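Chain by chain, the residues run as shown.
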Amino acid sequence: MNNAVKLDKIHKKFGEFEAVKEVSFSVPEGKCVSLLGPNGAGKTTSLKMIMGLLKPSSGELEILGAQANEINHHIKSRIGLVPQDDNLDPDLTVEENLYVFGSYYGLKKEFIKEQTTKVLEFVSLADRRKAKISELSGGMRRRISFARALVSDPDLVILDEPTTGLDPQARHMLWQKVRNLKAEGKTILLTTHYMDEAERLSDLIVLVDHGQVIAKGSPRELIKEHVEPHVFEAEKPLPQGLEKFRNEDIGESVLIYSTDLSPEKKLGTFHHRPANLEDVFLKLTGRSLRESN
Amino acid sequence: MLYLQGILAVTKRHLLVWKAMFFSSFALYTLEPLLVLFAFGFGLGQAFETMGGLPYIQYVVPGMMISAAMYAVAFDAAYGSFLRRVFQKTYDAMLASPLNVQQITFGEILYAMIRAMFPASIVCAVGAYFGGVGSIIGVLIALAVIALTGACIFTMILSYASRIKLLNRIDFMMPMFLTPQFLFCGVFIERSMFPDWVQALAQIFPLTHAINLIRPLVSNQSLSADVLLTSLSYLIIVTAFFTFYSIRGLKKALTE
Ligand SMILES: Nc1ncnc2c1ncn2[C@@H]1O[C@H](COP(=O)(O)OP(=O)(O)OP(=O)(O)O)[C@@H](O)[C@H]1O
Ligand SMILES: [Mg+2]
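Going line by line, the protein sequences match chains L and U. As numbered in our numbering, residues 1 to 293 make up the first sequence, in order. As numbered in our numbering, residues 1 to 256 make up the second sequence, in order.
Same shape as in the complex, but just chain L (with noise of 0.2 Å):
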């Protein structure tokens, strides 16, 4: 199978810091990619390499068959990104928004229309196209932004936490979309800080930290292999007894991994729960908090 996109040994230094230090990943053709990790880990400054809105430091990189230095518009125009931070232009409606970036692709007027309406429903904002941005809620703004990247209709779709600040039924929207996206062929990857959300939509997740790629695989496969199957969420302290079994202090209460039902008897009160990739994550990046580098 074909990779729509190739990493291999990326590094990226800013002045001194290093951001990302070797991330080395694979998105196959079709398929959709999670890429996972803490705040400041790298996803953001990764996509941007991607999208060529940085230049990586060293490494080679392979976008839909091309080289870096051979991407040209041909190559670009088959590319739709989600930023992180929304740059919608303020001051013009949902509809202008749409057509300019539809022209900056040098998409005819007529196709440019038929898309917007097309993904406008898409994103079930299709009554809010007279409207200008800034009278938008932010989850709004968010569903546009995801709208806007599919306005030149892109076989490659790049997604930098498309669903933060969305409510529930929009975020269930998105992932039926995205699904649909994956049914029609198109490549999809994305960053998220949800694991329920990767879980769902993804057939690959690359778990980076500190710049580095700490663990690949699919859902299954990353669970399976990295934690225990069962897990009890009781209250703190740890009861007496359960010190062999791997535990996390989640702050209100503490999680008791195990590969049996063993430490049921001698808990109280409790949840249990078959392992996630929530588990994963925090094994693989630590529990405590990422205040800063």
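Check the hints yourself; a few may be wrong.
What the hints assert, rightly or not - List of simulated lysine-lysine pairs, BS3-like, C-alpha gap at most 25 Å:
id	chain 1	residue 1	chain 2	residue 2
1	L	Lys130	U	Lys89
2	U	Lys251	L	Lys21
3	L	Lys55	U	Lys252
4	L	Lys216	L	Lys21
Derived from the structure by calculation, the hints contain no laboratory data. None of the values given here were measured: they were computed from a predicted structure.
Once you've looked at the hints, dock chain U with the ligands against the given chain L.
Quick look at chain U with the ligands alone, frame taken from chain L:
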């Protein structure tokens, strides 16, 4: 072809935003120079009957045309470009599309040329009503010179503004670049009325050269080949030089 289309798309985006903000920008960049024109035309017109061999109204209209253009373009180059680059991330949005930094810069410059001609035309129309215009053909050619001067001033400022990290780093533009041009480059008083060193210094500013060309054109006086050659080459060379530096500055700021 695609390359040119991209440039025009950038310009068109700016025009749409301008249209959306039209009334606030109209007040600032068009009404204000009209007020100044009125005050100088009547006020100084009483004091000097003629200036530089022209009736004062004919002297001051071309001056106000170019100074109105200068202010409109300068503020967009300084604050507008910072807004687009840092606050609204408009350039990032453009770069995520197939557009490149060169196209963005050329689209900006084209927009600056249009922005320069707009207030100049309004000032000219009002000035013509009071008898401040000598030749229509001259005005049309002068507007082309104003567009070029707009590009010149725009790129001079953008090449600096594209490199700053804090907005207040450009505040010196007003006292060091705009006001001296307004006062000492022959907008409403002949440069020859100032000491020699001021006159010499005025030669480094684009407005001096713009006025050398525009005033004879609008008032229908002859333009010496010498002045034409020097001032036109100044504007073209300086614009080319700072266009190059603006592209470099934006490229560095946006992709490194
Ligand atoms: N332009 C820049 N100049 C200097 N440092 C930068 C720049 N952009 C990002 N960084 C630094 O690089 C590191 C990675 O940033 P990045 O935005 O890629 O993180 P992220 O993984 O997207 O985080 P988040 O989840 O918070 O969005 C951070 O430490 C950040 O401070
Ligand atoms: Mg980020």
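25 Å limit on alpha-carbon distance, applied to hinted pair Lys216 (chain L) and Lys21 (chain L):
Answer holds: Lys216 (chain L) to Lys21 (chain L) is near 16 Å, not above 25 Å.
- prompt: Is it true that the CA of Lys251 (chain U) sits at most 25 Å from the CA of Lys21 (chain L)?
  reply: holds (23 Å)
Item to check | Pair hint outcome, Lys55 (chain L) versus Lys252 (chain U) [Cα-Cα no greater than 25 Å] | outcome: holds (10 Å)
query = If you draw a straight line from the CA of Lys130 (chain L) to the CA of Lys89 (chain U), is it 25 Å or shorter?
reply = Roughly 22 Å between the alpha carbons, so the hint for Lys130 (chain L) and Lys89 (chain U) holds.
Taken one by one, the earlier hints all hold for this structure without exception.
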